[in-house]
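Read top to bottom, the protein sequences are chains Y and V.
Okay, so the first sequence: first residue is 73 according to my numbering, each after it adds one.
Okay, so the second sequence: first residue is 192 according to my numbering, each after it adds one.
For the record, the hints were derived by calculation from the structure and aren't laboratory data.
Certain hints may be false.
The following label-pair restraints were derived from C-beta to C-beta distances [stated by the list, open to error]:
id, chain 1, residue 1, chain 2, residue 2, range
1, Y, Pro-148, V, Ala-393, 58 to 64 Å
2, V, Lys-208, Y, Arg-88, 23 to 29 Å
3, Y, Thr-205, V, Leu-367, 50 to 56 Å
4, Y, Lys-125, V, Glu-370, 30 to 36 Å
5, Y, Gln-109, V, Leu-380, 51 to 57 Å
Take a look, some chain Y residues computed to stay more than 10 Å from chain V by CB distance [to be verified]:
id, residue
6, Arg-88
7, Ala-107
8, Ala-114
9, Leu-115
10, Ala-156
Built from N, CA and C at the ideal position, the CB exists for glycine as well.
What follows is the residue order along each chain.
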Amino acid sequence: MTATPRTFSAPGMAARTAAILFVFVIIFTGLLSGAYQWTKPALEASAAEEKMKLVDEVLPRSEYDNKLLEDTVALPPSAELGLAEPSTLYIARHGGKPVALVFEAVAPDGYAGKIRLIIAVRSNSAVAGVRVTQHKETPGLGDYIEIKKDKNKQQPWITQFTGLSLAEVNAREWRVKKDGGRIDYHAGATVTPRAVAKAVLKAVQWANAQRETLYASQRKGVRP
Amino acid sequence: MISRDEFRTIADNGIWKQNTSIVQILGLCPLLAVTTNAVNGIMLSLATIIVMALSNIAVASLRNFIPHEIRIPVFILIVAALVTVVDLLFNANLHELYLVLGIFIPLIVTNCIVLARVEAFAAKNPPLHSTFDGVFMGVGMLWTLGLLGAMRELLGSGTLLGGIDMVFPSIQPIQLLPESYPGFLLALLPPGAFILLGCLIAWKNWMDARAAEKAKRKPPVPAEVFGCN
Numbered sequence: 073m074t075a076t077p078r079t080f081s082a083p084g085m086a087a088r089t090a091a092i093l094f095v096f097v098i099i100f101t102g103l104l105s106g107a108y109q110w111t112k113p114a115l116e117a118s119a120a121e122e123k124m125k126l127v128d129e130v131l132p133r134s135e136y137d138n139k140l141l142e143d144t145v146a147l148p149p150s151a152e153l154g155l156a157e158p159s160t161l162y163i164a165r166h167g168g169k170p171v172a173l174v175f176e177a178v179a180p181d182g183y184a185g186k187i188r189l190i191i192a193v194r195s196n197s198a199v200a201g202v203r204v205t206q207h208k209e210t211p212g213l214g215d216y217i218e219i220k221k222d223k224n225k226q227q228p229w230i231t232q233f234t235g236l237s238l239a240e241v242n243a244r245e246w247r248v249k250k251d252g253g254r255i256d257y258h259a260g261a262t263v264t265p266r267a268v269a270k271a272v273l274k275a276v277q278w279a280n281a282q283r284e285t286l287y288a289s290q291r292k293g294v295r296p
Numbered sequence: 192m193i194s195r196d197e198f199r200t201i202a203d204n205g206i207w208k209q210n211t212s213i214v215q216i217l218g219l220c221p222l223l224a225v226t227t228n229a230v231n232g233i234m235l236s237l238a239t240i241i242v243m244a245l246s247n248i249a250v251a252s253l254r255n256f257i258p259h260e261i262r263i264p265v266f267i268l269i270v271a272a273l274v275t276v277v278d279l280l281f282n283a284n285l286h287e288l289y290l291v292l293g294i295f296i297p298l299i300v301t302n303c304i305v306l307a308r309v310e311a312f313a314a315k316n317p318p319l320h321s322t323f324d325g326v327f328m329g330v331g332m333l334w335t336l337g338l339l340g341a342m343r344e345l346l347g348s349g350t351l352l353g354g355i356d357m358v359f360p361s362i363q364p365i366q367l368l369p370e371s372y373p374g375f376l377l378a379l380l381p382p383g384a385f386i387l388l389g390c391l392i393a394w395k396n397w398m399d400a401r402a403a404e405k406a407k408r409k410p411p412v413p414a415e416v417f418g419c420n
């Protein structure tokens with residue numbers, strides 16, 4: 073180590089070693105926190121961008137003019153949405169008037185576990201868009217619910233929910249065709265689309281019931 | 192500075208003689224988990240090269256200040272801090288690359304290769320030598336994991352470069368075996384990785400034995416002893 077080896081007493085040696093370790097810890101913790109502080113704005117920006125990419129899929133940016141990611145309501149775990157954990161709901165506004173709710177929902181009864189969805193529901197209760205964000209459905213069979221895996225690129229399966237509203241399609245028709253509803257499905261995989269259709273229906277019903285409360289809670293400035 | 196001979200020794204050790212995966216048999220956990228295809232193996236190795244070069248520079252530069260008794264905690268501190276910093280910087284500045292390499296960087300923390308090279312080489316050698324050592328150990332890992340991944344992928348699912356579209360969206364994976372190939376699940380599971388790694392090690396030992404024989408100018412060893420490759 074040092075050029076002139078000195079002899080230390082045992083406690084002196086221990087104190088010296090501890091001091092050196094302490095200095096190393098300080099330096100590298102400082103390095104870490106420096107890197108964290110320095111990259112924080114960029115990380116937050118890219119996290120927000122990822123979120124916005126997802127929101128863009130279900131609600132065109134031209135339809136609202138507020139800072140959607142800052143216009144939030146914290147939701148408690150909700151059985152109607154299939155969410156076992158708290159989530160965040162976003163309110164889209166145009167000229168201050170609320171135009172749509174963007175929120176997450178889970179179809180708990182997929183063929184292979186939970187299917188996570190992001191849904192936007194307009195103020196007139198029509199679905200603006202639905203996308204599957206996470207699922208474990210059988211590749212090549214049930215995974216067409218994910219737009220990237222859908223072989224039909226012109227009209228992917230998930231887009232048939234766009235524009236649907238309970239005013240036109242009642243709850244009994246809001247099912248896959250096999251169950252007497254109007255939702256298309258691919259032969260061989262019925263469980264998956266059935267689960268998604270049910271979750272979307274429940275989410276729309278929930279949005280219709282909660283809409284006024286949600287809009288109002290935000291206007292009062294009740295921030296979670 | 193570094194002499195040509197030293198450089199060659201370091202490169203030779205990293206790529207062949209002291210190859211991390213088939214000689215030192217280090218870092219088996221990520222090796223088994225990740226090399227289900229060639230692209231994953233190569234990506235993990237690239238991330239490891241970056242981290243090993245950096246941690247070797249850091250330790251080699253600080254080696255005179257680190258008391259022998261507490262070197263291991265200090266090494267762990269340095270490696271862990273550097274991996275985290277690399278992870279953060281990648282995420283912030285090279286976000287596209289991060290989306291590809293990102294999941295592999297935290298995996299490296301569990302990789303004992305980094306700590307092993309720091310302890311065995313960087314703690315005793317100057318920074319420049321140590322940097323090359325880190326890079327070439329990574330290069331050795333790169334070809335081994337790439338080859339292992341390619342073998343597992345080909346046997347397991349009949350494709351090559353699966354997942355390349357995650358890195359370069361314009362390139363499609365190559366279907367080498369006919370579409371009707373039923374797949375061979377064992378090759379994709381960790382036991383298959385062990386078996387193929389064993390074959391690679393046998394092949395390497397056979398190559399070395401043959402080279403040694405040649406050096407002695409004797410007839411080469413019979414090949415049928417090693418039936419794998």
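- Message: Are any of the numbered hints broken by this structure? If so, which, sorted upward?
- Response: 2, 3, 5, 6, 7, 8 and 9
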